[in-house]
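**Student:** Each protein sequence line maps, in turn, to chains A and B.
Per the numbering used here, numbering of the first sequence is gapless, rising by one per residue and ending at 109.
Per the numbering used here, numbering of the second sequence is gapless, rising by one per residue and ending at 455.
Treat the hints with care, as some may be off.
For the chain B half of the interface with chain A, some residues (derived, Cβ under 7 Å), not all of them [unchecked claim]:
#1 R23
#2 Q55
#3 N58
#4 L123
#5 F134
#6 Y135
#7 E306
According to the in silico footprint, chain B covers these stretches of chain A (three or more CB under 8 Å from chain B) [as the list claims (entries may be wrong)]:
#8 41 to 55
#9 61 to 75
#10 87 to 101
Worth flagging that the hints you see were computed from the coordinates, not collected in a lab.
Keep in mind the model is a prediction, meaning the values are calculated, not measured.
The beta-carbon is built from N, C-alpha and C at its ideal position, and this holds for glycine as well.
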Amino acid sequence: MSDQQVPDTTTTSNSGTVGYRYAEQHSPPPAERVTDVAITTFEHVFEVDPRLMERWVLQQEFPNWDSLRIMNSRHDHLDWMHRHFAERVVTGSELLAEIETEQPAGGQR
Amino acid sequence: MTQPHEPPIRPDSLSGPFTPGMRDNADDLASMPDEIARPFELADGSSPSQEFAEQWRNASYNCFSSGHKFCREVCPVMQVTRNESWTPTAFHANVVAMERGELEVADVAADYVNCTQCGACELRCPNTLFTGDFYKFRTRTVDVVKAVRAFAVESAVHQPQWKLWNERTNERTHEPVLGQTPVSQERVRDWADGLDLPVGGETVLFVDCEAAFYRTSVPRAVAQVLRLAGYEFGLMGEQWCCGGPAAEMGYVEQAKRFAQHNLDNWRSTGTKRVLVLDPHDYITFTEDYPKYFGADYDIEIVLVVELLAELIRGGRITPSVPVERTITYHDPCRLNKRKGIWKEPREILRAIPGLDFRDVDRVTQWSYCSGGGGGLPVEKPELTAAISANRLDQASALEVDTLVSACPWSERPLSKAGDDTDIDVVDIHELLAESLGITVGGSRGEIGDRRGRSR
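Isolated chain B, as found in the complex:
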């Protein structure tokens, strides 16, 4: 029996470990042949989906060609739906399929609704966690999802609730967080009634739509704590929505227009520093705006929760009024997973006397989410509710009476789920203000106010 012809085996990392590029490599390993990869060339007559996919092919093959799938169990949507079409893997595979001409964006646009853009999949992916910083090339699920959503909008494929939400935001310059009750430029500072805060100045406090119109106790708490610390700041001259939610849902032109307005307004009042109490705004101002404006973006962005931890450290505020609650802390996805900010909120909570703090570490919380991000509650509130219920089950197992968050957008869905499990959902800024002896005022939302009255 004749042996089949075996091609000669070229020495490579399978026959002996080596690092490409090292000067002490054997001569035959000195250079890698060009055949290992070829530049991608788009065929003539490509469809718009293929042209789009070309821009995202490296990011997508990064996932598709490795297929680790560590992302699955940390994905909040996957946890409650087990739908394979709504996994980070599928979001990347679809782009590969578009590149090969097997799909058009209209076929899959609705699948891309099912993502909170929490960033868990990106961080847990070995291509980020173990090699992302080394190669400066990491998994980009959030960017891919945003890009596909934007491409869908550009292709006139709309999700009905997102379309309506962004139309109303465009009309009113703020998100319609109060439903049929209009929000407007004239009312964006109503949360600050009676606080006598100045407008403009070198440092301004930016208040997101949810906190400015719905959970007004959060900005009131922040403003009063800062004032107690003697920290000088003003309110924004003419504040529009940050534009982040529009960008998340694919309405990029609107997002950029709102961003330009806000930047122009900061410059018109001589503002150099913007204080941000909402993690979603923090992402928008430190990731979206830099992409829009590049090196011209000369505004310093300060996250309030980091600033407050620093003020406590420096002795400028000292919480002293005991708060008798048994709490656990919900790491907001955009702080913990997407920014690596988790120490400062815990520093603040540990400085508050009276608390019985039953903490869950930040790595375990990579798989926790409120379901409140990425436009999910606008288009699929039932999915947000299921994810929030999951989060409250996790809190309930710790036998706490309070779940503390640091994100106004998480607090509405979490409060609803908390009402079902008899757990209060409180914002960290509200809690700190209480321990500083401040009567905050404002509203903690419908459920928070009702539960507060009966407490």
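Just chain A, same shape as in the assembly:
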């Protein structure tokens, strides 16, 4: 290694964006209540009040990266759906007008 090399802090995940550490992944931001039955932690991440998941179906262990991955993937997927299938919003009345134009007067389908 060359003399110019220095101990690296680039990847300390306390300050940076990369790096997995168990303790950080299992410490979400403090929950804020948004309704009687829902809380929020990270921006755009909403969760059911965990007290409602203590009886029949228990919650799974969710490290932070997993909640964020799902939330981000959902947004990406919805964008993708809009790009592929919703370039134009068509109202029902427009569709009806289109059908009436195509049909001869008094014609039936």
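The hints should help you fit chain B onto chain A, whose structure is shown.
**Tutor:** Just chain B, lined up with the frame of chain A:
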């Protein structure tokens, strides 16, 4: 004519929308009756399959009782086989059938081979994508498949090639990626010949078996790029296989033993941070090891491709040598689908001058796969080849000359399929090193080396 007796209808979400638990609900909606669900009780005299199924019944009913089947068309195995017994739905339904005493694990163990553990089905499932983070309860196909495979091994139901693979891995402490040519502890650092890298230290580079022994150009590229950036790191003292493939194939005891060795070795050299160039290792170190060791697991795991993007962003490396290739990027399943990592590889590729980058977005790529994961190429190489051929057809339609990946395990099957379609398969780290003026050295595998010589 008398009307049949209609039971009184209790107000619920069908008669008027409401959210259970809200304080402003009407009195008769204030609490839900216990009759909506009952705790599951295992009958006396249950079979081992039923006892196993009890642990996975919630995860399995999550799929079985909804039956969306959005998973089908993103599943790489389903795409090439159309076999209903090899779908994520079937993998969950089998567990339900085991719970009801209609199946034993031996009846279905061979079906569970047909999964690359790419995670597409989990992510595309509405129970993950639309509600998983809300309920902290998502579809767990990969875990279910791993658990059934482990239960099969525990029940002495083995798949022949997996058994042999793991026996050899156990003997040699590394996967037998070179076939009859032995791999060994003495040769695990051969890829670094001439690079004069130290051993141990606060930060070490972990190199997976495929890259350490077969596609050695990848770790050589990574090591030299990091050195150029002035990033301090060493090699691992006594590196064994990460244990991830053994866990994927059901050999859990072996996987845990290898994990314990690696953790002990990191601690013995004062290592606090492990750099990982292989997405499969990244999954093992950030999902399997935390399950094995819990809060005692105090090692920071850094994915090299994320680190390199950060080094480019910070100006510590600047690719400047033009690379004249028309490329598309293959999102490795374990990065894109299972970890949501897709931006950084694209940042790196867009920083390389000369490239004509014909990108396919990460959501479209949820249905792409190399077929190289989950032990599939070991037990069913013909299925891996069919999935790889599919992936190269997708690349071919873009009229590219190069498919770039960021996963050494994908690159061998993709290279084989690429040879048939005259498309080079190059690792992103190799490409970045080239653009930094580094002569990488090492091997790009049999096909990569041959195509490289004739290029």
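**Student:** Against the structure shown, which of the earlier numbered hints fail to hold, in ascending order?
**Tutor:** Checked against the structure, the hints that fail are numbers 2, 10, while the rest are satisfied.
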